[in-house]
Amino acid sequence: GQQVMQIPQYQHVQEGEDFTTYCNSSTTLSNIQWYKQRPGGHPVFLIQLVKSGEVKKQKRLTFQFGEAKKNSSLHITATQTTDVGTYFCAPSEAGTALIFGKGTTLSVSS
Amino acid sequence: GAVVSQHPSRVICKSGTSVKIECRSLDFQATTMFWYRQFPKQSLMLMATSNEGSKATYEQGVEKDKFLINHASLTLSTLTVTSAHPEDSSFYICSAPDSGGSNQPQHFGDGTRLSIL
Numbered sequence: 001g002q003q004v005m006q007i008p009q010y011q012h013v014q015e016g017e018d019f020t021t022y023c024n025s026s027t028t029l030s031n032i033q034w035y036k037q038r039p040g041g042h043p044v045f046l047i048q049l050v051k052s053g054e055v056k057k058q059k060r061l062t063f064q065f066g067e068a069k070k071n072s073s074l075h076i077t078a079t080q081t082t083d084v085g086t087y088f089c090a091p092s093e094a095g096t097a098l099i100f101g102k103g104t105t106l107s108v109s110s
Numbered sequence: 001g002a003v004v005s006q007h008p009s010r011v012i013c014k015s016g017t018s019v020k021i022e023c024r025s026l027d028f029q030a031t032t033m034f035w036y037r038q039f040p041k042q043s044l045m046l047m048a049t050s051n052e053g054s055k056a057t058y059e060q061g062v063e064k065d066k067f068l069i070n071h072a073s074l075t076l077s078t079l080t081v082t083s084a085h086p087e088d089s090s091f092y093i094c095s096a097p098d099s100g101g102s103n104q105p106q107h108f109g110d111g112t113r114l115s116i117l
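As you go down the protein sequences, you meet chains V and S in turn. So for the first sequence, this note's numbering puts the first residue at 1; every next one is plus one. So for the second sequence, this note's numbering puts the first residue at 1; every next one is plus one.
Think of the hints as simulated: they come from the structure by calculation, not from any bench. Heads up, the beta-carbon is just placed ideally off N, CA and C, and yes, glycines get one too.
Beta-carbon label-pair distances, calculated as ranges: (1) V:G16 - S:C13: 44 to 52 angstroms; (2) V:E15 - S:L68: 41 to 49 angstroms; (3) S:K64 - V:Q3: 20 to 28 angstroms; (4) V:G16 - S:Q60: 43 to 51 angstroms; (5) V:K57 - S:L68: 38 to 46 angstroms; (6) S:K64 - V:Q14: 42 to 50 angstroms; (7) V:G16 - S:E59: 39 to 47 angstroms.
Residues of chain V clear of chain S, computed beta-carbon distances all greater than 12 angstroms: (8) H12; (9) E15; (10) G16; (11) T20; (12) Y22; (13) T27; (14) G53; (15) K59; (16) Q64; (17) E67; (18) N71; (19) S73; (20) T77; (21) A78; (22) Q80; (23) T81.
Just chain V, same shape as in the assembly (with noise of 0.2 angstroms):
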């Protein structure tokens, strides 16, 4: 499967702050999903990137996939408490398992 490397791997930040998490692959990417887990929970899907640029925005959520298809990011903008948990980003083919990276974790403090 296709490996993708996270950073940061901890952000902590003060509520209001904004926060980013990069997802970074060596090989072309067909699409990459992100999805979010809480402590103590199982990851929840949050949104799949399909086209080389794409920009998708959730309320507070800014998604983009590079124009090469081999980077991705996700920025928060203004950090609430709810948004703590373990951010992970996965590449994603047809019918076959995500293989996700370690995930950025963060905390934010109010």
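Go by the hints and put chain S onto chain V.
Just chain S, lined up with the frame of chain V:
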């Protein structure tokens, strides 16, 4: 939306016990399901791909005789951890791709936290 049910959610048992974990797709058929393992503060690692009607495919380093997988129907896959030992303690989680088409998101069960004493 599509839901995957995983049971039990938590197991605590003695070393040497075999533990069965069930993963059910509730409102869709899943010819394929995936089993992951997650150790504390680590990512999810794929263990095996469960295929309805055929043998499971195991990832490198995962013992097929230790982790028995059975995909008896289009809605049920089971993972049995045989003769579990403390090092098998982990969070086990299954997923199934949405049957709505290619590259659809995967639906995860709630996971099973296994603790071997």
